[in-house]
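Undergrad: For reference, the chains in residue letters:
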Amino acid sequence: MTDPKPPARRSYPAVYERVVPIAIGVILVLIAVLLLIVAGVVLKVLPGSAALARAW
Amino acid sequence: MNVIFAILPFLSCVVSFVFATVIFRRYAKRSGPHLLLWGIGMVFYGIGGFCEAYNAAFGWNPLIFRLWYLFGAMLVAAWLGQGTVYLLVRRRWADILMLILGLASLYGAFRVFSAQLDPSQMTTGLHTGSEMSGHAIVSGGVRTLTPFFNLYGTLTLVGGAVYSAWIFWRKRILLHRTIGNVLIAVGALLPAFGGAFSRFGIGGALYLSELLGAILIFLGFMRAITPMGERR
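Chains as they are written, first to last, in this note's numbering: chain A, 1 to 56; chain B, 1 to 232.
If we strip away everything but chain A, and leave its shape as in the complex, we get:
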């Protein structure tokens, strides 16, 4: 008698297994940087006016 096999874990192709979490991490870091820039401009620490009229 053999042990029942555990259900096969779904997986993406290897390249996506590596790239996707890195990409998500980088995007989260960029969001944090963007928020810091916004805060810097609003607080007048960075160049630009208090209104981020051209953030987009």
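Hints are computed from structural coordinates only; laboratory data are not their basis.
You may find that some hints are simply not true.
[Claimed, not checked] To give an idea of the interface, some chain A residues facing chain B are shown, with a C-beta separation under 8 Å as derived from the structure:
1. R10
2. S11
3. Y12
4. V20
5. P21
6. I22
7. I24
8. L28
9. V29
10. I31
11. L34
12. I37
[To be verified] Once the Cα atoms are required to be at most 20 Å apart in a straight line, the calculated SDA-like pairs of lysine to any residue come out as:
13. A:K44 - B:F200
14. A:K44 - B:G141
15. B:K171 - A:Y12
16. A:K44 - B:L151
17. B:K171 - A:A14
Cβ atoms here follow ideal geometry from the backbone N, Cα and C, with glycine treated the same way.
Once you've looked at the hints, dock chain B against the given chain A.
TA: Relative to the frame of chain A, chain B by itself:
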């Protein structure tokens, strides 16, 4: 006139309107408020690009400037993000946020179209004059509104795309949607950074980032709606 300041936003305009057409055609088949709002958002994106190209090619026009500021600088991100909100949030909350966004947009339109303008302000400081700049608005309190729209839009559009990508990746399902959402998130971030770089005096950064952003969001959307092979 710097030709590149006309060509880049014109290309953004073309990409945006083509993309909006694709979204509206999908909306006609499947309906869904997220598709309608994304379509409207890409029309806003296209209007912004058109106004930037017009300004670089033909010079100052107050109507073009007001249209650019309202649709291209103030509303586009928020309306695109609101589409994502309809995908990820309970319908009741999404409707409430939509009502707030609609009223805020009407107020923003009123303020933009009643603002006093001074085009000479666009050529002072870091800007060249070929690039559009909110500095031309001299009435107080108008530009102060814009960060609220853009923060809401960027966080919902980028945050929603990242959240969706993470959920699909964690479950290892729907690879095409994982990839699509990553592309959408990057594409949506680009114009925000372009605006920041432009503010720091890097000429053309905004227009280039808007074009690349429109292309990446378009590619991401097409990837997300086109299934690809998955393996276990």
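Undergrad: Sort out which numbered hints this structure fails and list those numbers smallest first.
TA: When the structure is compared with the hints, numbers 6 and 9 turn out to be violated.
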